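**Q** One-letter residues, chain by chain:
There are 2 protein chains.
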Amino acid sequence: MSAPGTLRVLPLGGLGEIGKNMMVVEYEDRIVVIDTGLRFPTTDMLGIDLVLPDFSYLRDRADDIEGIVITHGHEDHLGALPWVLRELGEDKVPVVHGGPLTTAMARSKLDEHRLRATPIEQLAPGEQVELGPFGVELVHMTHSIPDSCAVALTTELGTILVTGDYKFDQTPVDGEPADMSRLAELGRDGLLLLCGDSTNVDRAGFSPSESVVGPRLEEVFSRCEGRIVVTCFASNIHRVQQVVDAAEALGRKVSLVGRSMRKNVNIGRSLGHIDVPEGMLINPREVEDFPDHKVVVISTGSQGEPLSALRRMAHHDHPRVKLHSGDTVVFSATPIPGNERAVNETIDRLYHIGCDVITPRDAPVHASGHGYAEEVKLMLNLTHPRYVLPVHGDHKRIHLHAGLAEAVGIDPDNIFKGENGLPLEIDARGARFGTAERSGMIFVDGVDIGDPADVALRDRRMLSADGIFIVVATVSSQDGSSVAPPEVIFRGVPFLEQVKGLVDEIRGAVEASLARSASDRITEIDHLQEILHDDLAAFVYDRLKRRPMVLPVVVEV
Amino acid sequence: MSAPGTLRVLPLGGLGEIGKNMMVVEYEDRIVVIDTGLRFPTTDMLGIDLVLPDFSYLRDRADDIEGIVITHGHEDHLGALPWVLRELGEDKVPVVHGGPLTTAMARSKLDEHRLRATPIEQLAPGEQVELGPFGVELVHMTHSIPDSCAVALTTELGTILVTGDYKFDQTPVDGEPADMSRLAELGRDGLLLLCGDSTNVDRAGFSPSESVVGPRLEEVFSRCEGRIVVTCFASNIHRVQQVVDAAEALGRKVSLVGRSMRKNVNIGRSLGHIDVPEGMLINPREVEDFPDHKVVVISTGSQGEPLSALRRMAHHDHPRVKLHSGDTVVFSATPIPGNERAVNETIDRLYHIGCDVITPRDAPVHASGHGYAEEVKLMLNLTHPRYVLPVHGDHKRIHLHAGLAEAVGIDPDNIFKGENGLPLEIDARGARFGTAERSGMIFVDGVDIGDPADVALRDRRMLSADGIFIVVATVSSQDGSSVAPPEVIFRGVPFLEQVKGLVDEIRGAVEASLARSASDRITEIDHLQEILHDDLAAFVYDRLKRRPMVLPVVVEV
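Residue numbers (my numbering), protein chains in the order written: chain A, 6 to 562; chain B, 6 to 562.
In isolation and in its complexed conformation, chain A is listed as follows:
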């Protein structure tokens, strides 16, 4: 909780990147939340569907929330909204603000979760609203989804700017560069704190403009004789526009394949972010009716996702689009770290079918949505903040971002290399880190959410490594002696069928253990089970040199 006159900025994030998924800003005990994003699980999170930042802190402070502001419509900034609203109570959040596309995507997401009570309000960039002690303003930025904004929060103490994800694209596809004039104004008026995106601080120079991708796509298309499949993020509406333009220039029809692709393009069209000429779009059902050289398919699956349209095409398992030798697949996206193997597998399947595959390694058919080092410096120089808290990065990127801030002349003492859960506290005397709050991950598994330390996940790790042995012993309630042959059941124990007679041996070991217990006059079931467990675990390890979970069940009759 913040002391009077203290501004508190608490970064939260699901997978270690500081402040990537949520920023909690506090002043005079009132709270504005910037972004409610989620992450996708890494492969060691067995059976987990989604990863949320641990927002327990908000749960304890739900009554103090003035509103939530979403910077843009990507999952890692918006995706946790349904869970946050459901866990805090829809009535605890007075309002959710964002740009037009962002709020449209938020509403569609909340509809899927049947959450309709919280007001979702559009906020035009440049417009000011008050949320308790905060003045709130969105500043138009460029990124790989339209309608991306930075958030300026003004209190008596000063203004803080949370950049969201951004690049300084000087020639964006929609002709609307980032509002550098407003950023400069904020800088001139004296910005208190900048929380800036660090995603690409490790890349030198300026990122290429999104609009360089279009001509490159057209070049690639012009060399293709068969069908063309382009895969990109469904939310990358300007990329889809450029694919449509390139297809049009070469007289090809376009078909959208994949649920999220169709959904996002529909939202984008309704808001005027994408313009598809009349008659250009064909239904996936019609793809096979057109000559190969007359079709471009735009598909989901750029990350090799198991059930995505492209993955199914690569496995000859898509109901509408059958790829064959002579077709070309263009990956207009790079793999998110961790997805490399899935993407490579998809690419290899495509080569196996005889397709040609073009990736950003082969031709500049992708541009990142995050600014490189020079853009990060440009942001620092435009806004020259008193304090800097680099966000959206691992420790390496936070470190490199801090170095860039120092390079442009920010006092090293005013640059804060933070952690998720570590609040930065600013008052009239200065800025410093406060006491760490709870942070980390919450796992979503099916429809439930829970703690990663949950014993169930530990058990699943154990089960996944060596399987489980279950032994059911039936004993007399009189004297604990065995009254029926023990049942031995195993699942997931590797290559057990190669160990001849093991089940009989285990039965013998169970009988022996029970006999020992009976002669020791041990009849209490918990105690019997404990002894059985220890005896069997030792026996199994000795015979198999592995440690399956051993689960003895003693039934008393």
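Hints were generated in silico from the structure; no laboratory data involved.
On a predicted model such as this, the values are computed, not experimentally measured, just so you know.
Just so you know, same-sequence chains aren't split out, so a pair can sit in one copy or run between any two.
DSS-like cross-link-like pairs, simulated, lysine-lysine; straight-line CA separation at most 30 Å:
#1 Lys401 with Lys258
#2 Lys401 with Lys299
#3 Lys550 with Lys97
Please build the complex by placing chain B on the supplied structure of chain A, with the hints as guidance.
**A** Frame of chain A, contents of chain B only:
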């Protein structure tokens, strides 16, 4: 089995790369095996330790084996030797051939497995031996481990060349470039078939020489003020030499950390591949006794391996070396696909400690051991083979290698894009693919080996996703009625504690199911268990919307 006068070349490999781990060459029903390598499991292979190529084919033909030839000492070419010898029977393999370092590493590996019966014989490059109908000769090549060789196998029908892993390093660290003269001779005399490495065919130009790495390491070292830790593959003996040289130039001592690093350097020193000046090596115990700027640590862990020395240092968990702010860690290796996340995690921990980290992205501190596209063309032009079977690559690389072969003028009809398990058959009339043999993977799990389709692995996948429910019902052998309250046990079922009263409900469902069965006069235990399983699985899915393994045990008393 090969027809008379037919040469048969069967590529085998563990993880999809054609012929990467084993090549079986047959003539007149006699067999020479080139390489016996293994792979490390991908993350979806739960609890699996190693992946071997399925060599069932050899098991059926064990009596026909004339010998095994190993091209070089890397795990993916040598590592399966103990399993191959054990499964085939040590007496079935008359001899294992390889260069001096390769055979030293093979012997050390077989010693660990207590396999000492098979003769391991050094074969000097250029020397000829006969193995049944085959003349065998090693041709010296350059790669990221000394003593790497191509294998020329000569029969009446002609000579085939299996390149092994290679690059054309014109300035190798030991001054011994690949034997281009012998390759050219083989070409001049008319090479029948070339099986060539495709690993880096997707990279344009020539690979940088290993010797460019030394001066770059020295430059990086000269800017470091604290301790320096260099991590690279333990088998990359020339890299270790260059780190030692750079350390010597800057007056730093060297300490070798990690078991395999010490072992490989010892073997390398004993064979004269590495030269460490007297008094330069210090024991890991002594590292903390020297000033930071006087030490270079050479460590295992370049792939982020969980128990490696570097990973432990990054987690402040290494008994000898404590890293701190001001130290520099140099990754003199690139991550093998699939290891990116583990490597990134290690790097991030190092930044968190305050270390500086240099990777091949930051400075040219690594050179690949595999030739790029121009080197593949050079090999094709030196040897101008009649037939080409690209190996060591996924479908993409095989396709690109075939394209390079076509580009240098090989008749497209004579270029064979193969698969693991698909034999290429050559006789006086020509070459063609034969009938596919069994291929794929064998899993090593602890000390046992088995089939990936093993039900245990399927079970482990199921257990890892949703856990297990075990229900023990005790029924009367007279009428099948329940005689004791059912036991309900679960492990690994997510967030179950949040579902209040579920266990009681399940008990109720069990009793109800048993009562229905009793009234239907069902008393046969298997049938009872089947009904219980179906009833409970439906009940649990209905309540939890997930599908844990459901395991009913009916005990009759």
